[in-house]
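Participant: In order, the protein sequences belong to chains A and B.
Per our numbering, residue 1 is the first one in the first sequence, and the count goes up by one each step.
Per our numbering, residue 1 is the first one in the second sequence, and the count goes up by one each step.
Take these hints with a grain of salt, some might be off.
[Stated by the list, open to error] Ranges of calculated distance between the beta carbons of each label pair, as one might list FRET restraints:
| hint | chain 1 | residue 1 | chain 2 | residue 2 | range |
| --- | --- | --- | --- | --- | --- |
| 1 | B | ASP106 | A | THR36 | 31 to 39 Å |
| 2 | B | LYS250 | A | THR36 | 29 to 37 Å |
| 3 | B | ARG361 | A | THR36 | 24 to 32 Å |
| 4 | A | ILE220 | B | THR315 | 38 to 46 Å |
| 5 | A | ILE73 | B | ARG361 | 14 to 22 Å |
| 6 | B | SER340 | A | LEU43 | 21 to 29 Å |
| 7 | A | ILE120 | B | GLY187 | 37 to 45 Å |
| 8 | A | ALA180 | B | ARG361 | 37 to 45 Å |
| 9 | A | LEU55 | B | ARG361 | 12 to 20 Å |
| 10 | B | GLU194 | A | PRO140 | 42 to 50 Å |
| 11 | A | ILE120 | B | LYS250 | 16 to 24 Å |
| 12 | B | ALA195 | A | PRO58 | 17 to 25 Å |
| 13 | B | ALA196 | A | LEU16 | 46 to 54 Å |
[As the list claims (entries may be wrong)] Which stretches of chain A does chain B cover? Using the computed rule of at least three CB atoms under 8 Å from a CB of chain B, they are:
| hint | segment |
| --- | --- |
| 14 | 17-25 |
| 15 | 37-51 |
| 16 | 219-232 |
Hints listed in this document are in silico derivations from the structure and should not be mistaken for laboratory results.
We put the beta carbon where it would ideally sit given N, CA and C, even for glycine.
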Amino acid sequence: MRFGRTLVLAVPWVWLVLFVMAPIVIVGAIALARPTEGIPPYLLGFSPDNLTLVLTDPLYRDALLLSLWVAGISTTACLLIGYPMALAIARSPETWRDTLLLAAMLPFWTGFLMRINAWIGLLADDGWINAALTWIGVGPLTLLYSNTAMYVGITYTYLPFMVLPLYAQLSRLDPTLLEAASDLGALPWRVFLRVTLPLSMPGIAAGCALVFIPTVGEYIIPELLGGPGAALIGRVLWGEFFSNRDWPTAAAVAVCLLVVLLVVPAAISWLVARGPGARAPDTGGARAPDTDGAGAPANPGRASPAPGRE
Amino acid sequence: MRRLFLLAVLAVLALPAGAQERVLNVFNWTDYTDPAALEAFTAETGIKVRYDVYDSLETLEARMLTGRSGYDIIVPTSEPTFSRLIRAKALQEIDRARVPNWKNLDPAMMRQVESSDPGNRFGAIYLWGTVGLGILPAKIKALAPDAPTDGWELLLKPENARRLKPCGITIMDSAIDVIPSVLHYLGKRPDSTEAADLAAVEKTLMAIRPYIRTFASSGAVEALAAGTTCLAMTYSGDVIQASARAAEAKRGVVVRYITPKQGAQVAFDMLAIPADAPNKDAALAFIDFMLRPAVMAGITNVTRYPNAVPASRATIRPELLADTNVFPTEAQMAGFFTPSAVPQAAERARTRMWARFKAGR
Numbered sequence: 001m002r003f004g005r006t007l008v009l010a011v012p013w014v015w016l017v018l019f020v021m022a023p024i025v026i027v028g029a030i031a032l033a034r035p036t037e038g039i040p041p042y043l044l045g046f047s048p049d050n051l052t053l054v055l056t057d058p059l060y061r062d063a064l065l066l067s068l069w070v071a072g073i074s075t076t077a078c079l080l081i082g083y084p085m086a087l088a089i090a091r092s093p094e095t096w097r098d099t100l101l102l103a104a105m106l107p108f109w110t111g112f113l114m115r116i117n118a119w120i121g122l123l124a125d126d127g128w129i130n131a132a133l134t135w136i137g138v139g140p141l142t143l144l145y146s147n148t149a150m151y152v153g154i155t156y157t158y159l160p161f162m163v164l165p166l167y168a169q170l171s172r173l174d175p176t177l178l179e180a181a182s183d184l185g186a187l188p189w190r191v192f193l194r195v196t197l198p199l200s201m202p203g204i205a206a207g208c209a210l211v212f213i214p215t216v217g218e219y220i221i222p223e224l225l226g227g228p229g230a231a232l233i234g235r236v237l238w239g240e241f242f243s244n245r246d247w248p249t250a251a252a253v254a255v256c257l258l259v260v261l262l263v264v265p266a267a268i269s270w271l272v273a274r275g276p277g278a279r280a281p282d283t284g285g286a287r288a289p290d291t292d293g294a295g296a297p298a299n300p301g302r303a304s305p306a307p308g309r310e
Numbered sequence: 001m002r003r004l005f006l007l008a009v010l011a012v013l014a015l016p017a018g019a020q021e022r023v024l025n026v027f028n029w030t031d032y033t034d035p036a037a038l039e040a041f042t043a044e045t046g047i048k049v050r051y052d053v054y055d056s057l058e059t060l061e062a063r064m065l066t067g068r069s070g071y072d073i074i075v076p077t078s079e080p081t082f083s084r085l086i087r088a089k090a091l092q093e094i095d096r097a098r099v100p101n102w103k104n105l106d107p108a109m110m111r112q113v114e115s116s117d118p119g120n121r122f123g124a125i126y127l128w129g130t131v132g133l134g135i136l137p138a139k140i141k142a143l144a145p146d147a148p149t150d151g152w153e154l155l156l157k158p159e160n161a162r163r164l165k166p167c168g169i170t171i172m173d174s175a176i177d178v179i180p181s182v183l184h185y186l187g188k189r190p191d192s193t194e195a196a197d198l199a200a201v202e203k204t205l206m207a208i209r210p211y212i213r214t215f216a217s218s219g220a221v222e223a224l225a226a227g228t229t230c231l232a233m234t235y236s237g238d239v240i241q242a243s244a245r246a247a248e249a250k251r252g253v254v255v256r257y258i259t260p261k262q263g264a265q266v267a268f269d270m271l272a273i274p275a276d277a278p279n280k281d282a283a284l285a286f287i288d289f290m291l292r293p294a295v296m297a298g299i300t301n302v303t304r305y306p307n308a309v310p311a312s313r314a315t316i317r318p319e320l321l322a323d324t325n326v327f328p329t330e331a332q333m334a335g336f337f338t339p340s341a342v343p344q345a346a347e348r349a350r351t352r353m354w355a356r357f358k359a360g361r
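Bound-form chain B, shown alone (with noise of 0.2 Å):
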């Protein structure tokens, strides 16, 4: 009898090996693939693609930091996620040998993500991106025709919140991305852990909350496509990709980005194995992969995020080379600034006044 068990519970544990299956488990960004690519991967290599999703970094940290997360790919930005991954140890180094497409990537670009990984052993730039406005302009017109459209004081500026308030204002749900863009509008030094300038920042922001309606983070890509945000403060991707399904839909709303002109936080988004990644063979050739300039380019086409990938150009849609949100030039890039991780008491003082703010207290 106890045999019979034995048996039974070793077949069962013996199935998933017997199948042979291949599987790569993957956590990235909500709307930040091109589904086509992953068909392709699984078509070409075998590995079937576990694809999951996540739409503010805290979620992604809250998985890693919580040990065995089971995923082979994550897609964290490079300040302050990746390089808070990196000194928690839970992330591997990447054997470059095995990703011959490694040499695609940007050096220039890379090099500036050093400051977060020395020597870039633990990541390759999957997309970037810069943080700014989501703007409805029709309906900004209507409200606040003198408001100016080119910078921070559309949302910062009490006076312009104000008037925008009917047609709602939206906030993304992230202490870690809000917070350095305030302090480099006020001039300060993004990175700031001064209780001084937080406490600047606390008051800006306060200034404008009984204006704002939600806070969310992947909501404001459906509220401004569907027009029930006017100004949203969230990722360039996720406005350029709104305005698209704005303009698929045919409902008249048309939806703009505003790269501020005060200069914008860059972010990096990394292709990253976890250390105790289930897959690592998998991992890497999936970076491989990804790192294609057709690939690239393909994902690019669809997200609508640069990539840091120049042979990926040739296959980019023009519009999207031409349009200055996605592909900024030489001069706005000269503006953006990266900020870099704060101690752990700063941060805290930043979250605990994240949740004053949005509390409105």
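Just chain A, with the same shape it has in the complex (with noise of 0.2 Å):
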């Protein structure tokens, strides 16, 4: 007994020592390696060179800067865009729903390359919005290998991460709280202010990081369909190590790219933890009334399947 309990945990332990922490050591290791001519086209040892150029050159430093900012405009039009989606799709008739969340996944159905170079076609000098901009009399404009086609790219492949999320949360939703908001005179957009988003919130952070982080390392989207003063810092990563085969500064720019990746959810799941959709789970009715009852009489529901539909 004790002994198959151990088994069925090693199974993930050696999971995750295999493929988590040994390629971080190794990435760390080799970031401390010397650049040299052979195979592979480093010498292990202690050197602080290739950190001290990652962290003192400015190249990196602005492409780290860049890609945050990118992340965080694309995961704002992702969420723009995205909670409308996920509240309707919530809203909706029982029978409908399963058929639209499926449209909202279906993209995954095929290749993610197919998807991307779907979009040059429909980007470019001589494409479909091109072709219809120019019959309205707009354009044509160049909009391929712009910021503009980047983050076209980069929300419409990301979408899906934030939908599901928050339709999960939006869907779990006792309705009888926004009945008891409008009963109360709340106007529609003061329940959803005040009830819906709160309640939404572990929804909107867990989109939001599943958007913001692989955006922030995207290479494949800004190399696509980006401009070349794009340099984000997974093309920096990429010119590092095949441009200029020099393995350790690539590795260096991976663990500072690494570092800053696990400050940043840290950070988003601290607020969460202090905001107001994560408090009601534990003390159900018992904070302040004087919240106006936003979170506070929270999940009578919850533990119950959504009893007023019926």
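Can you join these two chains into the complex? Each is in its own frame, and there are hints to help.
Facilitator: Rendered as structure tokens:
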């Protein structure tokens, strides 16, 4: 019995050690190595040069700041588009929900590269979008290989990662809370701001993290759709590794990126832990009533499946 | 139970050996061979060819330097990649006794490669070409009628590049191939390691940076053929391929190659065998097969790159032989140069400059 339990637990541990920790240790070791000519092109050692270079050369700082900025804008765009989508799916009649949800996930069923290539066709100088713009007299505009194209590509690709956690959160929301708020005289927008939005905070946080973190290191979309000026950290890392054959510097960039990406989600989860949506489950109605009832009465409905709808 | 498991493992391991399928793993440039030649090789020797492609020397080097690439034949450019791979001990010596067709190679050309590979021990010339400009003459004429279309000024003079911005300018994404040409244009040594020379290159490139739409290596063929870029700095054969594709598409796009009058960087692409090639015998057989005049002629006819097997000229299409962009004249060739590899510190300075140039900062 004991043995079986250990065995089951060993599987995830072996996985974590082999595929999460070992690669990080190897990348860390290469970051401290010296570049050389040979196979592999570095000599292990303890040289701080690479990390110093990455931390002092403005090229990397600028690339990282630009990546965080691009990820921030893309995440905001995904949230602004994804939230209404998730809300609409969650509030739609039961019979429709699965179909709508399926539609949101449908893009996953084809290759990611094919979808980005389709965007190249749409955004090209003689593409469909420019044809339409020319027809209404606005275009043609240079869309492809620009920041616009890059944002369109990123938002399009990562939107489902925002919609799904939001939907999961919003569909669990107890409708009686909304009815109560309305009965007490709140206008629809007030109900949204005071009830729906605070209660969906964990979904927002999860969606934002799922979009933000991969976007920071995104390489393919900026490479295929973005302009050459979009020197995001993923492209800079690629350049160090492939163009410069400088594995130690590439590894040092990767280490810095990893540190930043650990700090940001930690900050998000810390904020969420303090936020209004997270405090509900344990305290129930015990919290101060002066917050006009938004977070406070929380979850009578969470334990039992939502009643009201039948 | 345990024995059964062992037997199963052994059976699985034994399968490939039992099948006795001989394979050859080739890693070559995109659009750089004659598919019929590969089929003929398989038909004749029974060796199956697994063919992978790369579109820049950077990609090839990254794969080779990781070790155990699994490839039997690679096609690195003489400088800097081929010579660097020799120094990194990533290539093995070619046993000439097993490549009888080695005698078909042009001795004068092979001598030119000796600066990278003394004694020609590690590679045979596959094809060669120059770095120059691909243009769509009609679009350039419309935007900049007075711009010269015979040299680097068309791209590297800001007043020309500025006017051509609307129709699209593409530069190959390779510091290795661009920087020596710009140094040469500026009258410096193409292998200069002087900081001042590199700064001059950076200044020249930065001045045209706002007018560049994309950095692409293999993409240039497609972009020129489709007419989405009107000026591309890239390899000669790629432009000539784009020209052929545009003609086939019959959409009225005409593509032309310019061998810069200032003298072009010539690149020899070498057939080489990685040190850890799993199928060395097949690799030697492949090199020997490729060096047959008829096979080489077929490859030149398809790729529109010249080769180094003079006897192949008998079966090369006459219009290719007459095209001085494919087979340059003696006078043109006198102005060609081959850059040599620079030390690692200078290399780093070059690639950092390239990163700044691409980012436009």
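Participant: Now look at each hint and say whether the structure bears it out.
Facilitator: Right, here's what the structure says about each hint:
1. B:ASP106 with A:THR36: 31 to 39 Å: 36 Å, holds
2. B:LYS250 with A:THR36: 29 to 37 Å: Once the Cβ atoms are compared, 53 Å apart, the range 29 to 37 Å for THR36 of chain A and LYS250 of chain B is violated.
3. B:ARG361 with A:THR36: 24 to 32 Å: Once the Cβ atoms are compared, 29 Å apart, the range 24 to 32 Å for THR36 of chain A and ARG361 of chain B holds.
4. A:ILE220 with B:THR315: 38 to 46 Å: 43 Å, holds
5. A:ILE73 with B:ARG361: 14 to 22 Å: 20 Å, holds
6. B:SER340 with A:LEU43: 21 to 29 Å: For LEU43 of chain A against SER340 of chain B, whose Cβ atoms are near 24 Å apart, the range 21 to 29 Å holds.
7. A:ILE120 with B:GLY187: 37 to 45 Å: Holds, at about 39 Å.
8. A:ALA180 with B:ARG361: 37 to 45 Å: 56 Å, violated
9. A:LEU55 with B:ARG361: 12 to 20 Å: 18 Å, holds
10. B:GLU194 with A:PRO140: 42 to 50 Å: Taking Cβ atoms as reference, GLU194 of chain B and PRO140 of chain A lie about 44 Å apart, which means the hint holds.
11. A:ILE120 with B:LYS250: 16 to 24 Å: Cβ of ILE120 of chain A to Cβ of LYS250 of chain B: about 23 Å, so the range 16 to 24 Å holds.
12. B:ALA195 with A:PRO58: 17 to 25 Å: Since the Cβ atoms of ALA195 of chain B and PRO58 of chain A sit about 18 Å apart, the hinted range of 17 to 25 Å holds.
13. B:ALA196 with A:LEU16: 46 to 54 Å: At roughly 52 Å between Cβ atoms, LEU16 of chain A and ALA196 of chain B fall inside 46 to 54 Å, so the hint holds.
14. 17-25: Violated: only 0 residues of the segment 17-25 of chain A have a Cβ under 8 Å from chain B.
15. 37-51: Three-residue rule met by the segment 37-51 of chain A, so holds; n is 5.
16. 219-232: holds (count 4)
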